[in-house]
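Participant: Line by line, the protein sequences give chains A and B.
With our numbering as the guide, the letters of the first sequence map in order to residues 10 to 368.
With our numbering as the guide, the letters of the second sequence map in order to residues 10 to 368.
Any given hint might turn out to be false.
Said to hold, decoys possible - Taking lysine to aspartate or glutamate and the EDC-like style, the derived pairs with C-alpha atoms no more than 20 Å apart in a straight line are:
#, chain 1, residue 1, chain 2, residue 2
1, B, LYS111, A, ASP338
2, A, LYS69, B, GLU122
3, A, LYS189, A, ASP338
4, B, LYS212, B, GLU232
5, B, LYS69, A, GLU122
6, B, LYS44, B, ASP83
7, A, LYS111, B, ASP304
8, B, LYS69, B, GLU319
9, A, LYS212, A, ASP181
Unchecked claim - Where chain B lies over chain A, by a calculated footprint (3+ residues, C-beta under 8 Å):
#, segment
10, 119-126
11, 289-298
Since the hints were made in silico from the structure, they are not lab data.
Beta carbons: idealized from backbone N, C-alpha and C, even for Gly.
Here are the chains, one letter per residue:
There are 2 protein chains.
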Amino acid sequence: MSRGVITSADVALRAGVSRSAVSRCFTPGASVSSKTRGRVMEAAQALGYRPNAIARSLNKGRSRMIAVVLGYMDNPFYPAMLERLAARLQACGYRLLLFTAKPDGSCDELFSEILVYQVDGIILGSILLTSALAQRCRAARIPLVLVNRTTDDRVVSSVTADNRNGARAVADFLLAGGHKRFAYVAGLASSSTNHDRETAFRKRLTEAGVSAFIREEGAYTREGAQDAARRLLQRPRPPDAIFCANDHMALAVMDVARFELGLRVPEDVSIVGYDDVASAAWPSYRLTTVEQPVDVMAQAAVDSLMGRIEGGQRGGEQVRIPGELVVRDSARRPASGIVTVDGQDLWRPRERMKARAKA
Amino acid sequence: MSRGVITSADVALRAGVSRSAVSRCFTPGASVSSKTRGRVMEAAQALGYRPNAIARSLNKGRSRMIAVVLGYMDNPFYPAMLERLAARLQACGYRLLLFTAKPDGSCDELFSEILVYQVDGIILGSILLTSALAQRCRAARIPLVLVNRTTDDRVVSSVTADNRNGARAVADFLLAGGHKRFAYVAGLASSSTNHDRETAFRKRLTEAGVSAFIREEGAYTREGAQDAARRLLQRPRPPDAIFCANDHMALAVMDVARFELGLRVPEDVSIVGYDDVASAAWPSYRLTTVEQPVDVMAQAAVDSLMGRIEGGQRGGEQVRIPGELVVRDSARRPASGIVTVDGQDLWRPRERMKARAKA
DNA sequence: TTGAAAGCGCTAACAT
DNA sequence: ATGTTAGCGCTTTCAA
Numbered sequence: 010m011s012r013g014v015i016t017s018a019d020v021a022l023r024a025g026v027s028r029s030a031v032s033r034c035f036t037p038g039a040s041v042s043s044k045t046r047g048r049v050m051e052a053a054q055a056l057g058y059r060p061n062a063i064a065r066s067l068n069k070g071r072s073r074m075i076a077v078v079l080g081y082m083d084n085p086f087y088p089a090m091l092e093r094l095a096a097r098l099q100a101c102g103y104r105l106l107l108f109t110a111k112p113d114g115s116c117d118e119l120f121s122e123i124l125v126y127q128v129d130g131i132i133l134g135s136i137l138l139t140s141a142l143a144q145r146c147r148a149a150r151i152p153l154v155l156v157n158r159t160t161d162d163r164v165v166s167s168v169t170a171d172n173r174n175g176a177r178a179v180a181d182f183l184l185a186g187g188h189k190r191f192a193y194v195a196g197l198a199s200s201s202t203n204h205d206r207e208t209a210f211r212k213r214l215t216e217a218g219v220s221a222f223i224r225e226e227g228a229y230t231r232e233g234a235q236d237a238a239r240r241l242l243q244r245p246r247p248p249d250a251i252f253c254a255n256d257h258m259a260l261a262v263m264d265v266a267r268f269e270l271g272l273r274v275p276e277d278v279s280i281v282g283y284d285d286v287a288s289a290a291w292p293s294y295r296l297t298t299v300e301q302p303v304d305v306m307a308q309a310a311v312d313s314l315m316g317r318i319e320g321g322q323r324g325g326e327q328v329r330i331p332g333e334l335v336v337r338d339s340a341r342r343p344a345s346g347i348v349t350v351d352g353q354d355l356w357r358p359r360e361r362m363k364a365r366a367k368a
Numbered sequence: 010m011s012r013g014v015i016t017s018a019d020v021a022l023r024a025g026v027s028r029s030a031v032s033r034c035f036t037p038g039a040s041v042s043s044k045t046r047g048r049v050m051e052a053a054q055a056l057g058y059r060p061n062a063i064a065r066s067l068n069k070g071r072s073r074m075i076a077v078v079l080g081y082m083d084n085p086f087y088p089a090m091l092e093r094l095a096a097r098l099q100a101c102g103y104r105l106l107l108f109t110a111k112p113d114g115s116c117d118e119l120f121s122e123i124l125v126y127q128v129d130g131i132i133l134g135s136i137l138l139t140s141a142l143a144q145r146c147r148a149a150r151i152p153l154v155l156v157n158r159t160t161d162d163r164v165v166s167s168v169t170a171d172n173r174n175g176a177r178a179v180a181d182f183l184l185a186g187g188h189k190r191f192a193y194v195a196g197l198a199s200s201s202t203n204h205d206r207e208t209a210f211r212k213r214l215t216e217a218g219v220s221a222f223i224r225e226e227g228a229y230t231r232e233g234a235q236d237a238a239r240r241l242l243q244r245p246r247p248p249d250a251i252f253c254a255n256d257h258m259a260l261a262v263m264d265v266a267r268f269e270l271g272l273r274v275p276e277d278v279s280i281v282g283y284d285d286v287a288s289a290a291w292p293s294y295r296l297t298t299v300e301q302p303v304d305v306m307a308q309a310a311v312d313s314l315m316g317r318i319e320g321g322q323r324g325g326e327q328v329r330i331p332g333e334l335v336v337r338d339s340a341r342r343p344a345s346g347i348v349t350v351d352g353q354d355l356w357r358p359r360e361r362m363k364a365r366a367k368a
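Given these sequences and hints, build the entire structure.
Facilitator: Below you can see the structure in the form of structure tokens.
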């Protein structure tokens, strides 16, 4: 134990065994006699020895580290997701290596940084995946899973909410509420999540014969959403219902509507979000929104990764997590109090959704 | 380049040089002729080679990874801090290994996990550091810095806001506003930050001859703060000013006051927080609070760590970052419109504070 | 069950 | 400036 660093050799010496014996004692499922195990463990205890994870990684070729790359933390959905990911990963005995990047920036550079660390897997959230990057991961044989995003490339795995269904539910709810003039505040146009929510919402409205539809870009930022809200609500004939690509923007839109423009929500304008972040439930907002079950999604992402790391699965699965419409007070409710979607009661979808989530 | 993994040997072979030559090309400040460098780089490019960080870590004895351990992400101060830390660390060429733990839980187990990864440093936020843990870090020679926390142990480094000054400013502001009956909603009693804010606040009030003072525990959680608010505001003679240990709780208190109890803020009760998180500025709240400059603190924490990792400094520095009182609308303002603290204008402390931060 | 020996991919003396 | 050699701390055949 020369100075500071205790190696397996130190333990071996003290226990009077070989380094291999020590190694085996720390390798689950290796064959060691209980006698040696006892002596080794005692020596290790005395010396405060724990195998060096870096050295182990080097010769196993597996680091037990997962890279998580996130774009922004302003939207509380991401910190929440990160927290769940960290917990799940820790539970599986993996470490979380965190990377951040501009949401729209090229993370080409970043990927080199990641690959260099020999991570066993990558979780990508709130970031644009180019097919070149997907290609690099495949070449390096590193499992990759997108969270809250998909790609056209069916080979890459992803975990998303059931965005189309969620957006449809919002459209139906708003329609049933008797709204006539609709608006959508978009996130980044490049994001699949935005695309899915927007097109499904739009489609449903069209099916219902709605022609009054406007769209503004909010770019997923608070400022962007505020500007969008101003443009929208100061039109000659403003919308009476606004669906925002996420809660983070919906909250901003509510603030502009009420405090800048003196509008009443939902009397003058209904506002609906997506995610059900914590602040959506605060009494100052009581935002009607579609839940995105963070914990379920985190679990699914980790499971997907583990399946490919440990089980050696093929990958390329698109997991879609259902989430219910959470009806609060930011959108006018249907007069009847009952709405059905696809023959299902929209007001009590909890059980159905939960059941589907299990599957 | 057998299959998948490209090593320096592959590059060496292709470039017709030794592995050392390759290594040197990727080591800043090593001596290589431009001719070999060219050939090596070309070969590396063609093969897609990048030195294996794990292997490098092993023989350098430095991993260029920093462990960051956080307790909760509910309070948006921490995600914000994390984001800044990630950015700063990335800029210094370090990787961030994220760990989470219960805020009050023993992270003894966790520390073993961390040490095993041979991290070059540890940043601890929102977590209780026992002296045993500090001892272990010292033994392992791993620099440690606390963020938003301190210990009595003067040997461990920390970066905090100037909590006593901030709390004093709040007391003075509230006093000047003509408040008579004060309350404090505490965070975790075990946290130094809470202690500093509470005692300084209390002390100032006492000096001013205030005797009407109550305190309730909020435990840094939204629910805890809500309960505290109910207990406080439903007393026969409720306080007319409440100082909360952080914004996260202050927002919860505002919600209870206004929506559950029908109180007007600040007419019926003034509420002040600490941190200046993003939502404090939202028009629904407009919370008066004390700024905790996240970016400056993150920078300071990283600097402190780097000083000890690269420069070999001794450690044991307690950095205190000043932060100004941000006056918004959740607390009644002094009639005069001018308050001075320690002979300084309280309303325009920005310049002074910023200047001090530089030092 | 155990130890000896080889090797994971890299860097750093040392020699040339 | 370059190659040779040794070694970071660990696991893992392979013999015994």
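Participant: Looking at the structure, which of the earlier hints fail to hold?
Facilitator: Numbers 1, 4 and 6 - these are the hints that the structure violates, sorted from lowest upward.
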